[in-house]
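**Q** Make a model of the complete structure from these sequences and hints.
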Amino acid sequence: MGIEEKAAPIKRPIDALIEPLPGGGIIMTSVEKALGWAREGSLWYMLFGLACCAIELMATGAARYDFDRFGMMFRASPRQADLMIVAGTVTKKMAPRIRRLWEQMAEPRYVIAMGSCANAGGPFRDSYAVVRGVDLVIPVDVYLPGCPPRPEALLHACLEVHKKIKAEAEAKAKKEAGR
Amino acid sequence: MPDGVIESGESGGVPVFRLKPEAVLPVCRCLKDSLELRFDYPESITGVDRGDRIELIYHLSSLLTGAKVILRTDIAGDDPTADSVVSVWKGANWQEREIFDLLGVKFRNHPDLRRILLPEGWDGYPLRKDYVIPENDRHFLPDDWSVLCEDTEPEAPVCVTEEDGTVICEPGRFRTEEIQINMGPQHPSTHGVLRLLLTLDGEIVVDCRPDIGYLHRGMEKLAEMRTYIQFIPITDRFDYLSSMLNNAVYVGALEKLGGIEVPERVEYIRVIMMELQRIASHLVFYGSMALDLGATTPFLYAFREREDIIDLFEMTCGARLTYNYFRPGGVSRDLPDEFVPKCREFISKMRKRLPEYDALFTENEIFLLRTRGVGVISAEDAKDYGMSGPNLRGSGVAYDVRKADPYSIYNRFEFDVAVRQEGDVLSRYLVRLQEIRESLRIIEQALDGLPDGKVNYKLPPVFKLPEGEVYHHIESSRGDLGCFIISDGSPKPYRLKWRAPSFISLQALPKMVKGWKVADVVAAVGSLDIVLGEVDR
Numbered sequence: 060m061g062i063e064e065k066a067a068p069i070k071r072p073i074d075a076l077i078e079p080l081p082g083g084g085i086i087m088t089s090v091e092k093a094l095g096w097a098r099e100g101s102l103w104y105m106l107f108g109l110a111c112c113a114i115e116l117m118a119t120g121a122a123r124y125d126f127d128r129f130g131m132m133f134r135a136s137p138r139q140a141d142l143m144i145v146a147g148t149v150t151k152k153m154a155p156r157i158r159r160l161w162e163q164m165a166e167p168r169y170v171i172a173m174g175s176c177a178n179a180g181g182p183f184r185d186s187y188a189v190v191r192g193v194d195l196v197i198p199v200d201v202y203l204p205g206c207p208p209r210p211e212a213l214l215h216a217c218l219e220v221h222k223k224i225k226a227e228a229e230a231k232a233k234k235e236a237g238r
Numbered sequence: 033m034p035d036g037v038i039e040s041g042e043s044g045g046v047p048v049f050r051l052k053p054e055a056v057l058p059v060c061r062c063l064k065d066s067l068e069l070r071f072d073y074p075e076s077i078t079g080v081d082r083g084d085r086i087e088l089i090y091h092l093s094s095l096l097t098g099a100k101v102i103l104r105t106d107i108a109g110d111d112p113t114a115d116s117v118v119s120v121w122k123g124a125n126w127q128e129r130e131i132f133d134l135l136g137v138k139f140r141n142h143p144d145l146r147r148i149l150l151p152e153g154w155d156g157y158p159l160r161k162d163y164v165i166p167e168n169d170r171h172f173l174p175d176d177w178s179v180l181c182e183d184t185e186p187e188a189p190v191c192v193t194e195e196d197g198t199v200i201c202e203p204g205r206f207r208t209e210e211i212q213i214n215m216g217p218q219h220p221s222t223h224g225v226l227r228l229l230l231t232l233d234g235e236i237v238v239d240c241r242p243d244i245g246y247l248h249r250g251m252e253k254l255a256e257m258r259t260y261i262q263f264i265p266i267t268d269r270f271d272y273l274s275s276m277l278n279n280a281v282y283v284g285a286l287e288k289l290g291g292i293e294v295p296e297r298v299e300y301i302r303v304i305m306m307e308l309q310r311i312a313s314h315l316v317f318y319g320s321m322a323l324d325l326g327a328t329t330p331f332l333y334a335f336r337e338r339e340d341i342i343d344l345f346e347m348t349c350g351a352r353l354t355y356n357y358f359r360p361g362g363v364s365r366d367l368p369d370e371f372v373p374k375c376r377e378f379i380s381k382m383r384k385r386l387p388e389y390d391a392l393f394t395e396n397e398i399f400l401l402r403t404r405g406v407g408v409i410s411a412e413d414a415k416d417y418g419m420s421g422p423n424l425r426g427s428g429v430a431y432d433v434r435k436a437d438p439y440s441i442y443n444r445f446e447f448d449v450a451v452r453q454e455g456d457v458l459s460r461y462l463v464r465l466q467e468i469r470e471s472l473r474i475i476e477q478a479l480d481g482l483p484d485g486k487v488n489y490k491l492p493p494v495f496k497l498p499e500g501e502v503y504h505h506i507e508s509s510r511g512d513l514g515c516f517i518i519s520d521g522s523p524k525p526y527r528l529k530w531r532a533p534s535f536i537s538l539q540a541l542p543k544m545v546k547g548w549k550v551a552d553v554v555a556a557v558g559s560l561d562i563v564l565g566e567v568d569r
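Chains A and B are the protein sequences, given in the same order. Each residue of the first sequence is one higher than the last, beginning at 60 in the numbering used here. Each residue of the second sequence is one higher than the last, beginning at 33 in the numbering used here.
Be aware that a few hints might be false.
[Stated by the list, open to error] Residues from chain A shown here face chain B by an in silico Cβ test under 8 Å; the list is partial:
#1 LEU106
#2 ALA121
#3 ARG123
#4 THR148
#5 ARG158
#6 VAL189
#7 ARG209
[What the hints assert, rightly or not] As a list, the in silico EDC-like pairs of lysine to aspartate or glutamate whose alpha-carbon atoms are at most 20 Å apart:
#8 B/LYS122 - B/ASP65
#9 B/LYS161 - A/ASP185
#10 B/LYS381 - B/GLU346
#11 B/LYS524 - A/ASP185
[What the hints assert, rightly or not] Residues of chain B placed beyond 10 Å of chain A at every Cβ, according to the derived structure:
#12 ASP169
#13 HIS171
#14 ASP369
#15 ASP390
#16 LEU400
#17 PHE447
#18 PRO483
Keep in mind that the hints were calculated from the coordinates and are not lab data. It should be emphasised that the depicted structure is a prediction, and the values quoted were computed from it without experimental measurement. Even glycine gets a Cβ: it sits at the ideal position worked out from N, Cα and C.
**A** Here it is, written out as C-alpha cells:
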C-alpha cells in the first residue's frame, strides 16, 4: 500500500490503436491506423472564404470556439492543406478557381460544403450567376446546412470528417490484414 | 443649364432634370466645374430597362454645399450607347462598367469598357427584363474539368526597352523586366475573393488592376423576382459584416416611399442595433488588418469582443450573422429584458479595453512603419473616386451621412465625426477606432432615452408600395450606403439598385498602391475594409 499503488492510467485516444507487448517499451500498430490517427489529429484546413459563411469560419477559428483544440490550423496554401471548407456561395466565375485549388491539394483531401449556398445554392439558387451546389464542381465529403451554420455546427462537421478518416484507416488496415 | 433639358421637376425635395442623351456630358461637366454648384461627388449611376429604352439615372451631390440633383436620360435603340462621364468623375468608371456588364449600355470614350462582375464570354445582359435565367445546372461550367479556364489577361511583355530606346529581346542577358503576378482570388489578405493583377518591377508595384465579380450573386435581379418583404433576408447578405445596416437602408427606403411611420421605441432600438453593428464590423476590420500585417493577437482580441455583441444580437433576434431584424414600421421582436443591462456591461467593458487595443497598434513601431504615409490618397482624389465613410474621412473630408443628411433619429444624439487629415493607411485605421468610441457614446445615449411602446407594425397580407421611386442612404460601417427602388405598384420592386460603398471605394486602390511594394498592397487593401459580398453583390 501507499507509495507503490499506481494511479489508474489515463486513457488516451492512441491507446485504442496500440497493442501492448509484455515487458513494454515497444508498441505495435498497423501503419494505416497510425497514419489515420495522425491525419485525424492534425487536419489543416485551407484559409479560403467565399462569402458570409467565411465570417463564421473566422469566428470558429477565434478564441471562443477555438478550432486549434482539434489540431486544426489554417494554411494559406492549398499544398499544405488537407481540408477545404467551401464557406459561401460558389459563383460561375469562381467555380474553375475552386476546382483548381482542389486539384492543387495533396491527397488524401477532404471537402466540407459549409452552408446552404455551397450545398445547393441556398437563397441564391435561382440566380443567374450562382452554381447550384459545389458538388457540381468538386466531390464533397460532408454537407453542412445552415445560413450560415453556427460555429458549433462547423465543429461537428469537422468531427464527422475525423470519423470518416478513422473509418477509412480502419477499413484499409482490415483489408491489409486479410491479405 | 445648357440646352438639352427636356423637362424638370422634383422628387422628394431633390431637383430632377430629364436630359437629351447628348446633353448629359456637358451638363455633368458644368455641374462639377461651376464654382457655386460644385457637384464633386458621383453618388450613384443606375441603369433601368424600361422595355423599349434604357434609362440612365445619375444621383449627384455636392459635399461642399450638401446640394443634390438627379439627372435622367433615355437611350433608345438595339445598341444603346451613351457618353461616358469618367472624364468628369473618376468614380463613374466602375459604375458605368457595371451598367455595360448587366444592361449592355456602351459608353463612348470610356477608358476600359469590359465586363466587370460577370466572367468574359458571358452571353446576354441579366438586368434586362427579357433576360432568361439559365435553367441548366451546368450552365457556364466546363464539361471537362481537365481544361480549366485560363486567365484571359494579356501576358507581360518579354522584351524590354533600354533607356536609349533600343528594344532587347535576347534571352539570358542580364536585364530587369516587369513581371505580372496574380494576387487572389484565394489569398489570405484579400478579404474574400478579390483578385488583383499586379505588374511588378522587382518588388515595386507598377500597375494594379483589381478583378472583381467572384462573388457576384445577382442580387439586384433576385430583388425583381421576390416581394418586398421576401427580400429583407437577402439584404443581410450584401455586406455580411453589417447586416443590420443593410436591413436599415432597405427598410428605410420602403418606409420613405410607403409613408410608413416608425414608433419611437423602434427608432431607438434601431439606432442601438446599427451602432452595435458598426462596432462589430470595425472590430473585424481591426482584427483582419492586424492579421494582414502579421500579428495574430489583435485578431483574437477583436473576435472576443465581437462575440459579446453577437450575443446581444442573438438574444434579440436569434441569429449570429444574418439578422433579418428590421421590418417596415417596426422590428421583428422587442428587446428581451436582459438586453439593456448586458448592453451597458458591454459598453463599460469595451471602454476599458479600447486603450489596450489601441496601444497594441499605435505604440507598435513595426505597425507604424508599415502604415504611416503608405497608400496615401488626397481629399480631392477621394471625392472624385466617390469614396465614402471612414476611407473618405481618413483623407480629411468630414462627410458622414448621419450628420450631413440625418436619417432616423440621429439628430438627437451628440457625437463627433472622426476625421484625420493624412489620407494614409494609419489615418483610416485611427478614424475607425475613433468611430468605435463615438458609437459607444451614441448607444449609451440611446439606452438612456429608450422609451416604452409598441415595436410591431401590422403589415398587410400583401405589402405593396405606391408607384414611384425612392433613394435612401445611410452611413454604413463602410460608408455611404444607398438603396434606390423603383416601384410600379406591384408587390415586387421594378428595379432595385444598391449603392455599395466598398465597390466604389475599391476603384481608388490602384492609385493608392502604385509605386509602393507588394507588402504595402496588403496594408492598403486591409485599410479600405472592403467586403466582397458588397463589392460584387
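**Q** Of the hints given before, which are not true for this structure?
**A** 12, 13
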